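Novice: Model the full assembly from the supplied sequences, consistent with the hints where possible.
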Amino acid sequence: MDDETSIAVTISIGVAAALPPVTLKQLLDRADHGLYAAKRAGRDRVAAFAGTRGGNGKGEERDARPQEDH
Amino acid sequence: MRRLRRILTLLAMAPLFAGGAQAEVSGWDRLRATVFTNVGREAGLPHPIAMALAQDSDGFIWVGTQGGLSRYDGYRFRTFFHRDDVDGSLPGNVVTALVPAAAGRLWVSTATGDVARYDPTTGKFQIFPEPQGQAARGGVLSMISDGGDGVWVGTNAGLEHINSAGAVTREPHREGDATSAPADRIRSLLRTRDGSLWVSTVTGLLRRAPGAQGFAPVAVLDAQGHPVVDEVMAMTQDSAGRVWFATVRSGLGRVLPTESETAGASGWGVAHLVPEASPQALGGPLVFCLTEGRPGEIWVGRLAGGITIIDAATGALRTVRHNPLTPSSIADDSVRALLRDRKGLLWAATNLGVSRTDLHADAIDTLLPDPGIGGAAGKGLPDDNVLGIATTPDGRAWMGFKDHGAALLDSAAGTITPLPNVASLPPGGVLSITGAPDGNVWLGAGAGRTLFRHDPRNGALEQRAFPGAAVGPVIYGLAEGDTLWFAAGPLVRYTPATGETTVYRHSAEPTSLVDDSVNVMLGDEAGGLWVGTRHGLDRLDLATGAFNHYTHDPADRQSLPADLVTTLLRDGEGRLWAGTLGGGIGVLEQAASPAHPHGVFRRLSVADGLPNDNIGTLLLDRGGRVWASTADGLAIIDPRTWATRPLGRADGVALPAYWIHSGAVLPDGSLIFGGGGGATVVHPDRFKPRTAPPPLVVTAVRVAGQAVPTGDATAPLPIRLGHRDRSLEVAFAALNYAAPEEMRYAYKLTDFDKDWTETDATQRVASYTNLPPGRYSLLIKAGTSAGDWSTPLKLSIKVQPAWWQTLWAKLAAAALALGGVVALVQVRTTYLRRRRAMLEEQVARQTRDLLSANERLKDLANRDPLTGIHNRRHFMELAEAALARARPTPKPTALLMMDIDHFKQVNDTLGHSAGDEVLLAVVGRIRALLRKTDVFARLGGEELALLLPDADESMALAVADRVRRAVGERPMAWTTRRPSP
Chain A
1 MDDETSIAVT ISIGVAAALP PVTLKQLLDR ADHGLYAAKR AGRDRVAAFA GTRGGNGKGE
61 ERDARPQEDH
Chain L
1001 MRRLRRILTL LAMAPLFAGG AQAEVSGWDR LRATVFTNVG REAGLPHPIA MALAQDSDGF
1061 IWVGTQGGLS RYDGYRFRTF FHRDDVDGSL PGNVVTALVP AAAGRLWVST ATGDVARYDP
1121 TTGKFQIFPE PQGQAARGGV LSMISDGGDG VWVGTNAGLE HINSAGAVTR EPHREGDATS
1181 APADRIRSLL RTRDGSLWVS TVTGLLRRAP GAQGFAPVAV LDAQGHPVVD EVMAMTQDSA
1241 GRVWFATVRS GLGRVLPTES ETAGASGWGV AHLVPEASPQ ALGGPLVFCL TEGRPGEIWV
1301 GRLAGGITII DAATGALRTV RHNPLTPSSI ADDSVRALLR DRKGLLWAAT NLGVSRTDLH
1361 ADAIDTLLPD PGIGGAAGKG LPDDNVLGIA TTPDGRAWMG FKDHGAALLD SAAGTITPLP
1421 NVASLPPGGV LSITGAPDGN VWLGAGAGRT LFRHDPRNGA LEQRAFPGAA VGPVIYGLAE
1481 GDTLWFAAGP LVRYTPATGE TTVYRHSAEP TSLVDDSVNV MLGDEAGGLW VGTRHGLDRL
1541 DLATGAFNHY THDPADRQSL PADLVTTLLR DGEGRLWAGT LGGGIGVLEQ AASPAHPHGV
1601 FRRLSVADGL PNDNIGTLLL DRGGRVWAST ADGLAIIDPR TWATRPLGRA DGVALPAYWI
1661 HSGAVLPDGS LIFGGGGGAT VVHPDRFKPR TAPPPLVVTA VRVAGQAVPT GDATAPLPIR
1721 LGHRDRSLEV AFAALNYAAP EEMRYAYKLT DFDKDWTETD ATQRVASYTN LPPGRYSLLI
1781 KAGTSAGDWS TPLKLSIKVQ PAWWQTLWAK LAAAALALGG VVALVQVRTT YLRRRRAMLE
1841 EQVARQTRDL LSANERLKDL ANRDPLTGIH NRRHFMELAE AALARARPTP KPTALLMMDI
1901 DHFKQVNDTL GHSAGDEVLL AVVGRIRALL RKTDVFARLG GEELALLLPD ADESMALAVA
1961 DRVRRAVGER PMAWTTRRPS P
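So the protein sequences, as listed, match chains A and L. Take the first sequence: its letter number 30 is residue 30 in our numbering, and every next letter is one higher. Offset between the second sequence (1-based) and our numbering: plus 1000.
Calculated from the structure, these hints are not laboratory results. Take the hints with a grain of salt, since some may be wrong.
Said to hold, decoys possible - With a Cα cut of at most 35 Å, we get these calculated DSBU-like pairs of lysine-lysine: (1) K1402/L with K1904/L; (2) K1781/L with K39/A; (3) K1891/L with K1932/L; (4) K1891/L with K25/A; (5) K1402/L with K39/A; (6) K1932/L with K1402/L; (7) K25/A with K1688/L; (8) K1904/L with K1781/L; (9) K1904/L with K1748/L; (10) K1343/L with K1904/L; (11) K39/A with K1904/L; (12) K1402/L with K1688/L; (13) K1748/L with K25/A; (14) K39/A with K1932/L; (15) K1781/L with K25/A.
Unchecked claim - Stretch-level coverage of chain A by chain L, calculated; a stretch enters the list once three of its residues show a Cβ under 8 Å from a Cβ in chain L: (16) 11–25; (17) 34–43.
In this text, all values refer to a predicted model and were calculated from it rather than measured experimentally. Beta carbons are placed, not taken as given, at the ideal position from N, Cα and C, and that holds for glycine.
Specialist: Now the structure itself:
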């Protein structure tokens, strides 16, 4: 007897990108920071820690989720 | 006089034509970026400052540094140092010049005045001191081949010659005799193809004609015909026979051969300074080196000035410099030596290691951003993300950028011009760009949320009302007649002339749009419109307004290979091609019918030769071939045979990943693909697939842990093992400097291995332990990513038997047996010998089994037991290693931290096994999106991490969003077996 189970799940993602010199710890911290921001902003979304391009490196979060719900 | 001039012109042209490559300056020559690969200390270079370069007869690249001499095989540097206590070591660690000699040997000079020759059959350097009773050299500044196997040496104390046998002679200097050799510093040496020897000193140039005894000064004249006295630092001869030289204060000059050159006698004109290459034009005086790049291009390596490239025909200059934002720029701006290798790669020795660029791969060009200029005409892309490309009926191409609006690409003129009034576009990037048949260009600006119309004829740029109510950003547009179709979540049909708008949405109606997530559209000749969405492919019948669905069905191998359709194409046969994310390409061969409700698609995937199953854009060239951009380079597919070839670094594809539906066919037949970091341009007519892989050489041999000489590639030395030598390691490499990381290898020891052992580019060692006595052949071959294998290199190996294993011992035993005295002894000996061979064979097999078991154990220890992806500990190791690799270039690295939302509730309400199933399903979906180089790990619980080497923030965001969609787009489903009653 087989049971078919199905459940909808979503994922939150924190993104960090950086040019050297950056340590793994810094990168992990920044991505963690982004993940926290994504969770706080309501989950099922992507939040970045600005760092590589034009970023101020101070942890500005950007919501990269396309706004398709309105 | 006129006749003479005509002859001169012809002669100047002749070598160019003979070379087969005419220096034709096209727009692409101006647009294309020079893409470098940089190597240095991370690959084992002992000192960052590289001084000299040479390629030996085996193909190895040698780099002389200020701290040792290194040999490069495309992967690692093998370094030779000076050691006071080691006989035959490098005579000094500051290397000034390198000249290849026959049979893999190499002449080396040092700053302390030593000249030595390396011999690969002994692994030692033989030193050649200056002749007895003469002034000490002081230092060696330059060397050049004498045309045979000897070398000319330019020292601080004059000129020397060393012949192949090693005899050293100092060219005599006589005070007051201008035809004798100079006795002071000799800066540079050149031997031209007519046999002339050119010598430069602090005061100018001298030349000795072939066969002549004395030198003659070569007068250097400026543009007004006045003589110039200056130090000459570097010289080279180009393929047209001209001699180019660099002075310290007066810029570059050149000497043209006169017509008698081809008649045998050497005739040379006067040395003239080249006004186009004055110190002012070059932007700084000091030049270290000169060499010809592509035919007709003189590359000038400078102190802190990068490389200036002079077009010999026009005098036009362009400069290649280090750009901290572009990892593929030259590593450093001080270029001390330049070398063009035999495969057409150009190498530069810099203050930060060695940079190389492939001048041979001219079918594929790269356009890179030029942030320094801010998008001024003709200086590269204004932005490194080309999100959309459109061509207009006038044959021009428009590109939409992530941060800098849009620009016009004129490939004939070689310019990229930003859209006028580009500053008035809202921020957020031009997501779509569409060329309409009436000549207008439509832009989905402000992240696709604001529609603009640009008229290139009058430069007008005006905002237009957004068509349709409550639709999402316009990510793609298609113009058909006077109608525009927009992918804006739903499908939008818009007629600019009347403002009439129709929005096609998904509804409960079965013939409605399959999903409100349109990516791409393509019209067909039968009055239909194909629509690719994130949840399948639809065909809209324009007459009835009904959509016919083609979706992926896991149970139907002939259905659409994946639901997320990114690009559509019609091939020369009229077949529809759909590129997908995760499923490769589907080619529709039969429309849907009752027998085949999903239609019949031919699938092309990684298994067929695609580099990756995430397809960005499909384009058709004029020859009917299909080109695909993917998440891991390009591919070319021949629709007649379905032959599919991946194209990577070796083919000149310098960008790693490409945007979806960002590409166009340009008026000259070139194809352009927008990617992360720039754009790739393919010239299909020039494209020739690579065939034979490059030569394979043995790079190191270790017997019982001790390095032994390898010999040169054409005659590798046989390897001998004594019976006590338990281990043998043979390291090898194919000298493919264009893309060494893409090579594959295989080896086989005859009479020992049953099959070929295949390895990748990171494991280039064949190792054996406890080989039984005997003669063996080790066969090694190299293969390309496209699947072409070289003919195997054969290395003979002899394992010496111990005394009881020798023929002599066997004969003695036989004699004893013949004597009939102790027949048993022979039986016993034979038995023992066989037994021993069996045991040895068994031990060898067990050792190999143990090694592979160890590998498997190591692998288990590195992986998460539930999902099979890397565990936390191993992820940290791999991530550290990836960051270390990114450091020298430097390349950006991205990290994604992911956490499944509300996972605890799943565990609590459905149980832990359901939690495991969800985790497995999530990991499975994410894995399907990754590149080979990405590092994916479960850090613990529901926390996942993904490291993306060589990815910047925008690429990482794109990946993250793909991951988020892949997880959330449909529920996770699994089956549980319930215990039978």
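Novice: Run every hint past the structure and note whether it holds.
Specialist: How the hints compare with the structure:
1. K1402/L with K1904/L: violated, 38 Å
2. K1781/L with K39/A: Cα-Cα ~52 Å, so violated.
3. K1891/L with K1932/L: Holds. K1891/L to K1932/L sits at ~17 Å (cutoff 35 Å).
4. K1891/L with K25/A: Holds, at roughly 17 Å.
5. K1402/L with K39/A: holds, 26 Å
6. K1932/L with K1402/L: With Cα atoms ~26 Å apart, K1932/L and K1402/L stay inside 35 Å; holds.
7. K25/A with K1688/L: Distance of about 46 Å is beyond 35 Å: violated.
8. K1904/L with K1781/L: With Cα atoms ~53 Å apart, K1904/L and K1781/L exceed 35 Å; violated.
9. K1904/L with K1748/L: violated, 53 Å
10. K1343/L with K1904/L: violated, 59 Å
11. K39/A with K1904/L: The hint holds at about 14 Å.
12. K1402/L with K1688/L: Judged against 35 Å, a Cα distance of about 33 Å means the pair holds.
13. K1748/L with K25/A: violated, 44 Å
14. K39/A with K1932/L: holds, 29 Å
15. K1781/L with K25/A: Not OK: K1781/L and K25/A at ~42 Å, beyond 35 Å, violated.
16. 11–25: Coverage by chain L holds here, the residue count being 14 at a Cβ distance below 8 Å.
17. 34–43: n = 4 at 8 Å, threshold three: holds.
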